[in-house]
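J.: These protein sequence lines are chains A and B, in that order. Per the working numbering, the very first residue in the first sequence carries number 1; after that it's consecutive. Per the working numbering, the very first residue in the second sequence carries number 1; after that it's consecutive.
Do not take every clue at face value.
[What the hints assert, rightly or not] In silico SDA-like cross-links for lysine to any residue, where the CA-CA straight-line distance does not exceed 20 Å: (1) A:2 x B:127; (2) B:96 x A:215; (3) B:71 x A:216; (4) B:96 x A:209; (5) B:132 x B:121; (6) A:2 x B:133; (7) A:2 x B:100; (8) A:2 x B:126; (9) B:112 x A:213; (10) B:71 x A:215; (11) B:132 x B:90; (12) B:66 x A:375.
[What the hints assert, rightly or not] Derived, one-sided and incomplete: chain B residues facing chain A with beta-carbon distance under 7 Å: (13) 22; (14) 25; (15) 48; (16) 50; (17) 73; (18) 78; (19) 102; (20) 103.
Please keep in mind that the hints were generated in silico from the structure rather than gathered at the bench. Idealized CB from N, CA, C, for every residue including glycine.
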Amino acid sequence: MKDILRDRRTLFATVIIPILLIPLMTFGIPLLFSSTEQQIVEQTQYIAIINYESSEEFTKLIDGSRSLRVVVIDKPIDEAIRNGTVAAGVEIPRDFDNRILNEQNVNITIYYDASSRTSNVAYSKIMQFLSMYSKNTVDERLVNREIDPQILSPIQVYASDVATKDEVSGYLLSLILPPLLSIIVATGGMNAAIDLTVGEKERHTLEALLVTSTSRRDLITGKFLAVFSTTLVSIAFIMLSLSGSVGYLSTLSVQQMQIFLTLQTSIIVFVILSLMAIMIASLGMAIASFAKSFKEANNYLTPMLFLIVILSFGSYGLSIEDIGLIPFLVPILNVTLIIQEVLVNNLNILHLALTVTSTLVISIILISIASWIFHKESLLFRA
Amino acid sequence: MISIQNVSKWFGKFKAVDNINIEVEKGEIFGLLGLNGAGKTTTQRMVSTVFQPSEGNITVNGFNSKSDSSKVRRNIGFLPTEVGLYDRLTAREVIKYFGILNDIDESKIDDKIDEVLEKLSLVEYANRRCGKLSRGNKQKVAIARAIIHEPPVFIFDEPTSGLDVISSRAVLDFVKQCKDDGRTILYSSHSMYETEEICDKIAVIHDGKILMTDSIEHIRKEHGSLEKAFITAVKGERS
Chain A
1 MKDILRDRRT LFATVIIPIL LIPLMTFGIP LLFSSTEQQI VEQTQYIAII
51 NYESSEEFTK LIDGSRSLRV VVIDKPIDEA IRNGTVAAGV EIPRDFDNRI
101 LNEQNVNITI YYDASSRTSN VAYSKIMQFL SMYSKNTVDE RLVNREIDPQ
151 ILSPIQVYAS DVATKDEVSG YLLSLILPPL LSIIVATGGM NAAIDLTVGE
201 KERHTLEALL VTSTSRRDLI TGKFLAVFST TLVSIAFIML SLSGSVGYLS
251 TLSVQQMQIF LTLQTSIIVF VILSLMAIMI ASLGMAIASF AKSFKEANNY
301 LTPMLFLIVI LSFGSYGLSI EDIGLIPFLV PILNVTLIIQ EVLVNNLNIL
351 HLALTVTSTL VISIILISIA SWIFHKESLL FRA
Chain B
1 MISIQNVSKW FGKFKAVDNI NIEVEKGEIF GLLGLNGAGK TTTQRMVSTV
51 FQPSEGNITV NGFNSKSDSS KVRRNIGFLP TEVGLYDRLT AREVIKYFGI
101 LNDIDESKID DKIDEVLEKL SLVEYANRRC GKLSRGNKQK VAIARAIIHE
151 PPVFIFDEPT SGLDVISSRA VLDFVKQCKD DGRTILYSSH SMYETEEICD
201 KIAVIHDGKI LMTDSIEHIR KEHGSLEKAF ITAVKGERS
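All chains, full assembly: derive it from the sequences and hints.
T.: In structure tokens, the structure reads:
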């Protein structure tokens, strides 16, 4: 244990990464994303109107809005959009005003670049403007006929969110954090597992260990506990870092980013992650015991990390209200889902029981495999 | 003290040790002499229970290596060829760790460590991290780690390999001192000179087979020197 705690690689994975990555992920990236998105929306986008001369009024209305500005271009619209001269273009027919006046349909084409964020924002703004323009035109025509425009809206819809502020913030947190937590826990655990198993082979300390009075079963148990303890340290740092980030975030009045983490939810998340740590430690031990070298262990464990990432992000496509019980038998995914449930204050005891049981059963199987490899000289000393 | 009877060891289709028989008496230094890959290390690993024999039986101090492996391990101190220390731990920490793994009472362990450090002239390096020690001192720490629980049997696998003359001499003197203390030692080497100097009996092992077992005294009488006896035995096998 003392040896791995003096290992810079393990320290980096268990202490430094949580301290740096959690604040970065929980508040740095969303803040950056939010501010970039906000900046684009607040900016004025330049657009071109093809046949603008056919409706001075329409052009003035768009140009008059603060968020869009009409410019004249001297090249084809698609080229102007691609080289960034304008963010989007609107093509109106040459007889635009006449058709509106005569209450005829008007076909309008919007040109934009779906791969450009700015162009997408301009497209949305144009759509919003056209929708409003269309509604005003209809209203005007109805009023001219002495008909109340409300007749076109027999049902008025008002959405009322029943989720509490805590539940909403918990949901936001639950989208970002579970995959991140899983990956950090897995990385910390895997490094320690490699160091204590295949690391012993590479340092040539394994043989000396095997000839002590301690049985191989006790040796593997001790190693497992050391890996587990290291991962627990990592989780403790994750929770501290998370509390710090969330605490700092709560002092910022950034709308839609208020995140809520109580002592109670922190404890439950800690316990759930510790369960996952048991499984990760067992998995790491089983795989790394079989490997001949660090390199080989990494070759085996890297795909495992990818699998962990995929399973963690698997929760993105699922709604925790109606996913059934099967996902709670799938390792990693079930832990992610339980953390989500905890964070939205909707923990289901049956889901928790299934997660705990399946995680422990898988851990026991994996640790048995690691122990078997430790007893099997042809596997432990593979040539 | 050590009895190896009709022992063979297979690794897949490769027979590393072929039906060997060795008896080592209490207080004796028994040398396993052979070229690299002859089967010395595999034999010592079987005695120390790292490997189990594919055929035959090994007993150490009356305990069978298969059925009483933990008792066998309590009775041996094994020094593998590779030093293998934890570079991030100090010499004292490494020795203590192995003392605990060998069931030494924690209240007595510090006194025992001091004793071993003194015996191996390691006192001034006790609190230095192993990664910072010289090759010779690393080997001494590895020896201290192997003997901290004071077993009656020591198994040394090429303990002077890679050491300078001074360090080699210190190790050889220590092995002799162990014999004087009444320990039984199974010592492997490919050096004729050190084997001849410290061993009471030797077995020449080649391609997994024992070609010759005899006392050093008798070998000298018969062949003049161990080197001549070894070459005669190996050449005889090859022809």
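J.: Against each hint, give a clear statement of whether it holds in the structure.
T.: Status of each hint after checking the structure:
Between residue 2 (chain A) and residue 127 (chain B), the direct Cα distance comes to roughly 15 Å. Compliance with the 20 Å bound is thereby established for this hinted pair. Distance restraint check for residue 96 (chain B) and residue 215 (chain A): the Cα-Cα separation of roughly 18 Å lies within the 20 Å cut-off, and the hinted pair is therefore satisfied. The hinted pair formed by residue 71 (chain B) and residue 216 (chain A) meets the criterion: a straight-line CA distance of about 13 Å does not exceed 20 Å. In summary, the hint linking residue 96 (chain B) to residue 209 (chain A) is supported, as the alpha carbons are separated by about 13 Å, within the 20 Å threshold.
Distance hint between residue 132 (chain B) and residue 121 (chain B) is fulfilled; the C-alpha atoms sit about 17 Å from each other, no more than 20 Å. Taking the CA atoms of residue 2 (chain A) and residue 133 (chain B), the gap is about 19 Å. The hint holds against a cut of 20 Å. A hinted pair counts as satisfied when its Cα atoms are at most 20 Å apart, and residue 2 (chain A) with residue 100 (chain B) qualifies at roughly 14 Å. Taking the CA atoms of residue 2 (chain A) and residue 126 (chain B), the gap is near 17 Å; set against the 20 Å cutoff, the hint holds.
For the hint pairing residue 112 (chain B) with residue 213 (chain A), the CA-to-CA distance comes to about 17 Å; that is within 20 Å, so the pair holds. In summary, the hint linking residue 71 (chain B) to residue 215 (chain A) is supported, as the alpha carbons are separated by about 10 Å, within the 20 Å threshold. Restraint check: the Cα-Cα separation between residue 132 (chain B) and residue 90 (chain B) comes to about 9 Å, which is no more than 20 Å; the hinted pair holds. Taking the CA atoms of residue 66 (chain B) and residue 375 (chain A), the gap is near 13 Å; set against the 20 Å cutoff, the hint holds.
With 7 Å as the threshold, the beta carbon of residue 22 (chain B) stays out of range of chain A, its nearest partner Cβ sitting at about 19 Å, so the hint is violated. For residue 25 (chain B), the interface hint is violated, the least distance from its beta-carbon to any beta-carbon of chain A being 22 Å, above 7 Å. The interface hint given for residue 48 (chain B) holds, since its Cβ lies 5 Å from the closest Cβ of chain A, which is under the 7 Å cut-off. At its closest, the beta carbon of residue 50 (chain B) sits 5 Å from a beta carbon of chain A; the interface hint therefore holds under the 7 Å criterion.
Checking residue 73 (chain B) against chain A: minimum C-beta separation of about 5 Å stays under 7 Å; hint holds. Residue-level restraint check for residue 78 (chain B) holds (minimum Cβ-Cβ distance to chain A is 4 Å; threshold 7 Å). The restraint placing residue 102 (chain B) at the interface with chain A holds, with a minimum CB-CB distance near 5 Å, inside the 7 Å limit. Annotation: residue 103 (chain B) was flagged as interfacial toward chain A, and the flag holds, the nearest CB pair being 5 Å apart, inside 7 Å.
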